[in-house]
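Colleague: Residue strings, one per chain:
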Amino acid sequence: MNRVENFEALKALQVQESEKLNVREGLAPTQANLARHHVLICAGTGCTSSLSGEVKKELEAKLVEMNLDGEIDVVQTGCFGFCNLGPIMVVYPEGTFYTKVKPEDVAEIAESHLKGGQVVERLLYTIPGTETKAQDMSHIPFFQKQQRIALRNCGKIDPERIEEAIAHNAYQGLGKALTEMQPKDVIQTLLDSGLRGRGGAGFPTGKKWMFAAGYDADEKYVVCNADEGDPGAFMDRSVLEGDPHSVIEAMALGGYAINAHQGYVYIRAEYPIAVHRLQIAIDQAREAGLLGKNILGTGFDFDIDIRLGAGAFVCGEETALLTSVEGRRGEPRPRPPFPAEKGLWDKPSFVNNVETLANIPAIMTKGADWYTSIGTEDSRGTKVFAMAGKVNNIGLVEVPMGTTLRELIYDIGGGIPGGKAFKAAQTGGPSGGCLPASALDTPIDFGSLIKAGSMMGSGGLIVMDETDCMVDIAKFFLEFTQDESCGKCPPCRIGTKRMLEILTKITEGEGTEADIEHLETLAQTISASALCALGQTAPNPVLATLKFFKDEYEAHIKEKKCPAGVCKNLLQYTIDPEKCKGCTLCARNCPADAITGTVKQPHTIDPAKCIKCGTCIEKCKFGAISRQ
Amino acid sequence: MTCTCGQNQALYAQLDEVINAHKDQPGSLISVLHKAQGIFGYLPEEVQAYVAEKMDIPLSEIYGVVTFYALFSMNKKGKYTFNVCLGTACYVKGSGKLMEKLQEELGIGVGETTEDGLFTIEGCRCVGACGLAPVMTINDKVHGHLTVDDIPKLVNEYRELAKAEEN
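One line per chain: the protein sequences are A and B, in this order. Just so you know, this note's numbering puts 294 at position 294 of the first sequence, and the rest follows in order with no gaps. Just so you know, this note's numbering puts 5 at position 5 of the second sequence, and the rest follows in order with no gaps.
Worth flagging that the hints you see were computed from the coordinates, not collected in a lab. Backbone N, C-alpha and C fix where the C-beta goes; we use that ideal spot for every residue, glycine too. Please note: incorrect hints may appear among the correct ones.
[To be verified] Derived DMTMM-like pairs: lysine to aspartate or glutamate, alpha-carbon spacing no greater than 20 Å straight-line:
#1 A:Lys-612 to B:Glu-100
#2 A:Lys-612 to B:Glu-104
#3 A:Lys-619 to B:Asp-149
#4 B:Lys-35 to A:Glu-326
#5 B:Lys-97 to A:Glu-466
#6 B:Lys-153 to A:Glu-618
#7 B:Lys-23 to A:Glu-618
#8 B:Lys-23 to A:Asp-303
#9 B:Lys-76 to B:Glu-122
#10 B:Lys-54 to A:Glu-466
#11 A:Lys-488 to B:Glu-61
#12 B:Lys-23 to A:Glu-554
[Stated by the list, open to error] Negatives, chain B to chain A, calculated, CB over 10 Å:
#13 Gln-14
#14 Ala-21
#15 Ala-52
#16 Thr-81
#17 Lys-93
#18 Glu-105
#19 Leu-106
#20 Gly-107
#21 Glu-115
#22 Arg-125
#23 Asp-150
#24 Leu-154
#25 Val-155
#26 Glu-160
#27 Lys-163
#28 Ala-164
When you get a sec, could you build the whole thing from the sequences and use the hints?
Modeller: In structure tokens form, the structure reads like this:
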């Protein structure tokens, strides 16, 4: 692509490029691009895992064979969000939304829809509880309550073509700032917008920028935290895979605001597709003169390098992250001094996470007033949630702040599968907590979640049902933080280990009544004395489950029972003699020879030999075996 | 320490290229180690010593970095690494049971490699394919919606694949 010389040229380019995408807006093709159909295929990690790449190749080959390749554009895009229905394909101008498209479905789509104009009904989404097929996204409940700002271009553009990003207004905010605004105006706009960091703590982004701008230094740095470590959260990856230019643009804006000329994106090595697309985007932005020297002819210089993580959860903490960018062990250090004063290589810096940055270009072009009109007083704008676990619609959703958990889980998420009862929603990952059914009507924003006993975190939302044991879940998170503790400070290194030992004891039926008190004391001590956020928040999953699900702890300790039927040591397998037909299937499959009995006579399980593997329950055809 | 590169000359030549390319970048040690692991498959002491000498960084510091980060390994891995996702979404969908079954099937623990050098078991924290939970990656390929019964099938499949490649 040719260098874009100035802001005027960028505006003209936007108009010119957007005409090429008219079909995706439901309009007729233009001279600039005569293709009558645009077929968008999701190439995010979820859909790629379910073979969307093969679907795309197959379609391209088929179109060549049918001599239609000149009339139809096949485009790879970022994530649509509806990951458990992948691979997803959308055909424009109609906006037909095909789900679970397999390579073998491609021929039918090409023949019937793209050539014959007949939609392939069997691949459409069926609206739950009805027989109705949704013809396009606007009819699917999953999308109806969403409002996309951070994810505005994901699923709309080919992330590997800067022209398509420009058509969707990429770099307009940067152009406006460089030509019409002073650095302090950029910071003021951000302060006025009320944008708070989406990485976990919710610190006002404008303030971070203001503090970093306030220190004088020969060098300053802008750092993007793309080390998305919270298990179950994948919005940052989706932004980088679907719309990397939004992050690049925001970092350049940050550079202009604080007078920095170099940025770093610290990204997990576990995200190969995101790394690949980000690198392509950086290269294309450089070529177009939107990164590098003399951006848009304004004399402003800014460039970005990628730094790969190497699998350490603690590197999501900003001081640990900065140390890791410097190529060392990612151990945190005490604050103050904050990164705004002494950050990367001891120079003034700020660290923002991907989702936070992705909001900023939209705020710059549309203004702070527009942004403050969305969300709540406490938390402006929208938040992206990665909804997973025991919920029907798994995927990525972006909703205005203030949406309730119930709306998220039931209206958008489609409720709990298999008719089971909702038990808890886990937010905030290993630093957060589990909210019970009584909190379902809590409006989600930073303040309300903390008040309810959890926290926003980076937006992972794991739904749990009646078959999940909350003590086991607390243990799961403690195992995680204990394993990921960097070992620098004793409260985190030793304290989380002691807590984990107590929890293990409880789940094995060895717990005593004093254990709950010990857990609480340890939790308070660790929160108060650990060096960084990883340690300070590590006890949260235990405290939250103790607060809302104390009865489950007590059942494990006093009655030696696991009400959810998860903790192996506490389970008893018994055969109901009334229901047992004596078919011997269970006895033949028992790996421990714990089941005895003669043919056509009720069998029995020897609890001393039983290893509680559950094979007998799976094999029994008469429902005669129970686990309590 | 001198390097024992003898038969590995070609690999060390590749490593030289990587180190030279990163020479002027501040803080590039982790990037170099990533690429070194890509070249050798793992980071044995000899490779660390070589990087230390060429980059003029104390070996102790390099060892510190290698052992700090989960993605760096000082042990040679099997031909196929079975990496079970132990993120929250996969855990609540039963990835813990997949992990148990896999260990039972291969007769090794997490982080270990089978004697024939074919399989390594690892656990990881979320590959971000939560819509397909529970998932396991085998080398770079993601396998989703798995059940315990899929484990022996997958092990067999890859055993056959290895045999086919040998012939």
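Colleague: Starting from the hint list further up, note which numbers the structure goes against and sort them upward.
Modeller: 7, 10, 12, 17 and 22
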